[in-house]
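Protein chains: 2
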Amino acid sequence: MDRRKFVANSTVGGAAALMAGSAFAQSPEIRWRCASSYPKSLDTVFNAPQIVADYVAKVTGGKFQISLHAAGELVPAFGVLDAVSNANVECGHTASFFYWGKDPSLVFDYTVPFGMNTRQYMAWYQYGEGRSLIQGSMRDHGIVSFACGNFGAQMGGWFRKEIKSMADLKGMKMRIGGFSGAVFSKVGGVPQSIPAGEIYPSLERGVIDSAEWVGPYDDEKLGLSKVAKYYYYPGWQEGSGQLSFYINQQKFEALPPEYKALLEMACQAATLLTLNKYDHVNPAAIRRLVGSGAQLKAFPKEVLAGLYKASKEVLEEYSAKNEKFKRLYDSYRQYQASITPWFTLGEMSYDRLIEDSLRTK
Amino acid sequence: MDRRKFVANSTVGGAAALMAGSAFAQSPEIRWRCASSYPKSLDTVFNAPQIVADYVAKVTGGKFQISLHAAGELVPAFGVLDAVSNANVECGHTASFFYWGKDPSLVFDYTVPFGMNTRQYMAWYQYGEGRSLIQGSMRDHGIVSFACGNFGAQMGGWFRKEIKSMADLKGMKMRIGGFSGAVFSKVGGVPQSIPAGEIYPSLERGVIDSAEWVGPYDDEKLGLSKVAKYYYYPGWQEGSGQLSFYINQQKFEALPPEYKALLEMACQAATLLTLNKYDHVNPAAIRRLVGSGAQLKAFPKEVLAGLYKASKEVLEEYSAKNEKFKRLYDSYRQYQASITPWFTLGEMSYDRLIEDSLRTK
Chain A
1 MDRRKFVANS TVGGAAALMA GSAFAQSPEI RWRCASSYPK SLDTVFNAPQ
51 IVADYVAKVT GGKFQISLHA AGELVPAFGV LDAVSNANVE CGHTASFFYW
101 GKDPSLVFDY TVPFGMNTRQ YMAWYQYGEG RSLIQGSMRD HGIVSFACGN
151 FGAQMGGWFR KEIKSMADLK GMKMRIGGFS GAVFSKVGGV PQSIPAGEIY
201 PSLERGVIDS AEWVGPYDDE KLGLSKVAKY YYYPGWQEGS GQLSFYINQQ
251 KFEALPPEYK ALLEMACQAA TLLTLNKYDH VNPAAIRRLV GSGAQLKAFP
301 KEVLAGLYKA SKEVLEEYSA KNEKFKRLYD SYRQYQASIT PWFTLGEMSY
351 DRLIEDSLRT K
Chain B
1 MDRRKFVANS TVGGAAALMA GSAFAQSPEI RWRCASSYPK SLDTVFNAPQ
51 IVADYVAKVT GGKFQISLHA AGELVPAFGV LDAVSNANVE CGHTASFFYW
101 GKDPSLVFDY TVPFGMNTRQ YMAWYQYGEG RSLIQGSMRD HGIVSFACGN
151 FGAQMGGWFR KEIKSMADLK GMKMRIGGFS GAVFSKVGGV PQSIPAGEIY
201 PSLERGVIDS AEWVGPYDDE KLGLSKVAKY YYYPGWQEGS GQLSFYINQQ
251 KFEALPPEYK ALLEMACQAA TLLTLNKYDH VNPAAIRRLV GSGAQLKAFP
301 KEVLAGLYKA SKEVLEEYSA KNEKFKRLYD SYRQYQASIT PWFTLGEMSY
351 DRLIEDSLRT K
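Taken in order, these protein sequences are the chains called A and B. Read in order, the letters of the first sequence correspond to residues 1 to 361 in this note's numbering. Read in order, the letters of the second sequence correspond to residues 1 to 361 in this note's numbering.
Next comes chain A alone, as it looks inside the complex:
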C-alpha cells in the first residue's frame, strides 16, 4: 500500500481507513536499555519505568523500545547515576538521594526530612522552581531527569525495641536512607546504607537494630516484620519520595522532538500511576502486617521534636557550605511554608471530617 496515498485519504471524514497498518511505520527505530536501582521483587517501584517503556512502545508502534534491567543486572543498585552519566546505559530509574554523597543538592529530587507531602512536592516540582532547579543540578552530571513515580508518605521504620526517648537512638545501628542518615547521625545514631536485599539478613543477624525502607507493601515483601516487631509512624524522614528517570543527555538531545515529548509525557503518566498503585496496595498490606503481629507505635513527641531540630541543623549546615544546595533549599523551604497553611485548611480539614464521619457511622 502506498502510504502517502493512505495519509491523503485519512482526513477527518475517512476514519475507517486509519485502521490499516501501523500509524508510525516510518518512525525511526530506537533500542535503549534502562537500569533500575530496584529488584524485580519490589514490583510497584520496579514497574514505574516499565509503564514508560510500554507507552513509548505502544505509541510508536514498537519503533522505540526500552528494555528494563533490575538492580545488579547491568549495573549495581547505586551505580545508576554513573552508568547513565557515562552512557554505559542510555537511561535508568532510581532515587536521586542515593547519590547525595556525590552531590548533596540531589536530595531535593527525592525529599528531605520533615519536608513537603507528596502533592505539595509535586506542585513545587511541576509548577514551582523544583523541576528547573533539579534539572539544572542533573545537567552537571550529563543527565536529563524526569520525575517518574512517588512512594507517598513512608513509615518511620521497624525497630526491635521500643523508642521512648532520644536516649534510645544513641548508638543505634539503623538502615536509613541517604540524607536522613546524616540527621540520624546528628542525634547519636549510627546510620547504615544497605540495599533492599540485605536488610532482612542484617536485621536478623543483629548487624543492625532497626531499618526503614518504604511503606507497608514494600516492607512486607522484604519480610521486615519477622525480624523487628515495632512499626513506627509518622515517617519523619520521608513524607514523600520521588523516583527519577535518568537519560544520558547526549542520547536525549539526539532524539527527534516527538520522541522527547513522548518520554516526558510517559514519565508524567508513570508518576501518576505509580503513586496510585502504592495507594492501592498499601491498605491491604498494613492490615496483613498488623494481623501477623506487627505493633504500630507513634514516635514520642520528644523524639520527633529532637529529630526536627537535628534535621533543620543538618539542612542549614549543607546550605552554608554548598551553593547549589542552598539555592534548592531556599526555594524548597519557602514553598513549603507557603503551601502548608492551604493544605491544612483545604485538605486536612476534609480528611479529619471523613475520619470522624466514618468512625461515627
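There's no promise every hint is true.
Copies of the same chain are indistinguishable here, so a pair counts whether it falls within one copy or spans any two.
[Unchecked claim] With a straight-line cut-off of 25 Å between C-alpha atoms, the simulated DSS-like cross-links for lysine-lysine are: (1) K251 with K58; (2) K309 with K186; (3) K301 with K221; (4) K161 with K173; (5) K226 with K170.
If you are wondering where the hints come from, they were derived from the structure by calculation, not from laboratory data.
The hints should help you fit chain B onto chain A, whose structure is shown.
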C-alpha cells in the same frame, strides 16, 4: 530523501541521523474539536484538555490536532455529553456530575459528598474497580472516557450570613453542583444549578444566598468574595473532583492503536499536571482572599453531622432504585472504608507532624 533508507540508517548507533525531519511524517492526519464545559477565564481547568492537545500534537509532529472550544462556543456548558454522544464534536472536557440527572451513576466519575480524597479516589479509579465501572457507564452513552484532571479538595462555599445550625440551611437558595444539590435539598435547602458566569450576578442580586464553586483560585476569578464574605470549610460536598475527557466511541474505535495509547497517556499526564497546578495556585489565592476581607469559617459539627446523615440517605435511596448506581456505590464505599485507615496512619500522621513542626519552629 527516501524515508525507508533514512529509517534503516537510524538504529541505535546512528542517533545524529534522527534529527532530520519529523519522525512521524507518515502518520495519519486527524483534526478533532474538543468542547469544554468551562470558560477560558477559569484557566486551570480550561487548560487540562489543552495539555492533552499539546502533547498529542507534539508527539505526532502535528499530525493529530485537537482544537479546544470554551463553553458556549460550540455547545452549551452542560451540553458536552450529548454533543460527544451524538458526534457533534469528536471529544469534550467536562465534569460527569453535570449529567447525573440523565444517569445518576455518573456522579462516581466525579465525586460524592463525604467521599474519598483525591489520592484515594485516584487509586480506586486507576487500580480499583473505578475506571472499568465508569467506562462501562459511559459506554451506554456511546462515549469512551478518561480521567483528565482533578480539582483536589474544594471549599464549602460562600455565604452571606453565618451558619450556626441546621435551621440556617432551611429555605436557603444555594448554587450547589449536581448530586450535592439533592443532599442540600434533603436538609431543607433550595439548590440551584447555575453555570460559572452567572453565579456572581445571582449572588449580587440576591437571587441566591450562597454558592459553592471550586476552591480559592477559581472562586477568586468569579469574584465571589465581593458578594458573600463568609468562606466555609471543609468542602463536605467535594473532597475531590475528577474532570473527564469524553471521546465519541466510534471516533475512538476508528483510531489506530498508537493514537489510542497516546490519548490515554496524555489524559494521565493532564490529570497529574492539572492537580499539581491547582495545588500551586490555591495557596496564594487563599492569602489574597483573606487579605481582602474574606472570613474563613468552619462549619459547626452539628451541621456537618446533619449533612453526613443526609448524604448517606440520598446515596442509599439512589442505590435502592438504580442498579448501575448501586454497583458503583458498593464498590466506592467499600474502597473508601478500606483505604481511609491507611491514609490516617501514613499520610495524616505525617501532615499533622509537619503542621505542628512548622508552627513551633
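Going down the list of hints, with the structure as the test:
1. Both within a single protomer and between protomers do K251 and K58 lie at most 25 Å apart by alpha-carbon distance, with minima of 21 Å and 19 Å respectively.
2. Taking the closest pair of Cα atoms, K309 and K186 come within 25 Å of each other only inside a single copy of the chain (10 Å); across copies the shortest separation is 51 Å, beyond that limit.
3. When the C-alpha separation of K301 and K221 is checked against a cutoff of 25 Å, the pair qualifies neither within a copy, at 30 Å, nor between copies, at 42 Å.
4. Only within a single protomer do K161 and K173 lie at most 25 Å apart by alpha-carbon distance; the minimum there is 12 Å, versus 59 Å between protomers.
5. For a Cα distance limit of 25 Å, the shortest separation of K226 from K170 inside one copy, 24 Å, qualifies, whereas the shortest one across copies, 57 Å, does not.
Against the hints set out earlier in the document, a violation occurs for number 3 only.
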